[in-house]
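As given, the protein sequences belong to chains A and B, one line each in that order. First residue of the first sequence? That's 7 in our numbering, and the numbers climb one at a time after it. First residue of the second sequence? That's 825 in our numbering, and the numbers climb one at a time after it.
None of these hints come from the bench; they were simulated from the model.
Label pairs and their in silico Cβ distance ranges:
1. B/GLN880 x A/GLU22: 41 to 47 Å
2. B/GLY826 x A/GLY100: 29 to 35 Å
3. B/ASP883 x A/ASN27: 21 to 27 Å
4. B/PHE836 x A/ASP23: 40 to 46 Å
5. A/LYS56 x B/MET919: 18 to 24 Å
6. B/ASP883 x A/LYS56: 22 to 28 Å
7. B/ASP878 x A/GLU22: 45 to 51 Å
8. B/GLN865 x A/TRP99: 22 to 28 Å
9. B/GLY826 x A/MET98: 25 to 31 Å
10. A/ASN71 x B/PHE836: 43 to 49 Å
Straight line, CA to CA, 25 Å or less: simulated DSS-like cross-link-like pairs of lysine-lysine:
11. B/LYS895 x B/LYS833
12. B/LYS881 x A/LYS32
13. A/LYS74 x A/LYS104
14. B/LYS894 x B/LYS833
15. B/LYS895 x A/LYS104
16. A/LYS32 x A/LYS74
17. A/LYS56 x A/LYS32
18. A/LYS74 x A/LYS56
19. A/LYS32 x A/LYS104
20. A/LYS104 x B/LYS881
21. A/LYS104 x B/LYS894
22. B/LYS833 x A/LYS43
23. A/LYS43 x A/LYS104
24. A/LYS104 x A/LYS56
Some chain A residues flagged as far from chain B (calculated, every beta-carbon gap over 12 Å):
25. ARG19
26. GLY21
27. ALA24
28. VAL25
29. SER29
30. ALA33
31. GLY62
32. SER67
33. SER69
34. GLN76
35. TYR80
36. ALA83
37. GLN85
38. LEU86
39. GLN116
Heads up, the beta-carbon is just placed ideally off N, CA and C, and yes, glycines get one too.
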Amino acid sequence: QQPVQSPQAVILREGEDAVINCSSSKALYSVHWYRQKHGEAPVFLMILLKGGEQKGHEKISASFNEKKQQSSLYLTASQLSYSGTYFCGTEMWGATNKLIFGTGTLLAVQP
Amino acid sequence: DGGITQSPKYLFRKEGQNVTLSCEQNLNHDAMYWYRQDPGQGLRLIYYSQIVNDFQKGDIAEGYSVSREKKESFPLTVTSAQKNPTAFYLCASSMIPGGDNQPQHFGDGTRLSIL
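Extracted from the complex, chain B is given alone in its bound form (with noise of 0.2 Å):
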């Protein structure tokens, strides 16, 4: 079954130390991204990439940081200048529309905590 799949679920960082997200897809997207979701509120874009070797950042890159080495596979790695962690994270990838717009699809999501 294609899909997308972040790991790991729950990740718990201590002070000063970098941690990195998992995304694999296997639905041949070309585009994939990153968001950010504190609780009760909307999913904020940190990171997205539309081409391997290629990413830009969204409206909160602060303190994250990417690679697209492969198509499949877009880390994020949340480093200790991000100074609030905690939050839901997820990845999603999509088409790149070449008519029609494409969907996002979105993985299950990691929980990053603070020690």
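Bound-form chain A, shown alone (with noise of 0.2 Å):
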């Protein structure tokens, strides 16, 4: 039920492109996205609901494939600020307002 992202770790320089990706073997409603930095709270990046649904945040954005029960998230031109890790947290048809997070994904950015 867990959701599956890949790939598992990034390494990037500054200024490159980078692109999360969140699967679930189950449909979904919606699809959350945050990053944490370490030993810091989650921070709310964007919700997607519906299916085909695109959202932008500065140079973040992200898309929602309804069908495929997965969503993308891309970091264009990345920045030392994006560091962190990133989850995906999904909520499930029938059980809304209950979010089943993924295992993340480590974005370094070095300079």
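Could you fit the two chains together into a complex? Lean on the hints.
Pasting the structure below:
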């Protein structure tokens, strides 16, 4: 039931792009994306509700393919501040307001 | 400033002891959650509550207990039945969605260790 995130870790140079994927074996109502810096609380990035929906947040955007039961997070022209662990949280039909989080993707942006 | 306050930041538990982690929010949120995070792992749901005096078990509720006597407060007790309590505990809250879904807001966490 836990969504699978890929890749598990990625190292980038500043200015490079990255894609983080989140796949579920069950039909999804929504997908939340959060970023967590080491030892800190997760910070909300965005929610995607409708199949095919795309949302943007500065240079971070995401898509949600309801049919494929997956979401992707796109980080473009990465900055040092983007470093951290990214989690997707999935909400299933019939179990709304309860998130199941993926195992996370560690992103390290180097100068 | 509105937010979620977790205390203490660090907590040590002796064998056979129950300990209680505090979580208070002043965001007027209806729903509150407790998660456990182990090193290099995602967040696993322990308990959640959508309304005062009501709560539901999450995926790993064994060895934990909660109460929701006030809207603002959702304390978590780690009982002696929880044999491996060492972890980072995160409390979160959200509005109950009336239309669009609502994000969860997290506290700064409590790091619990066994003595």
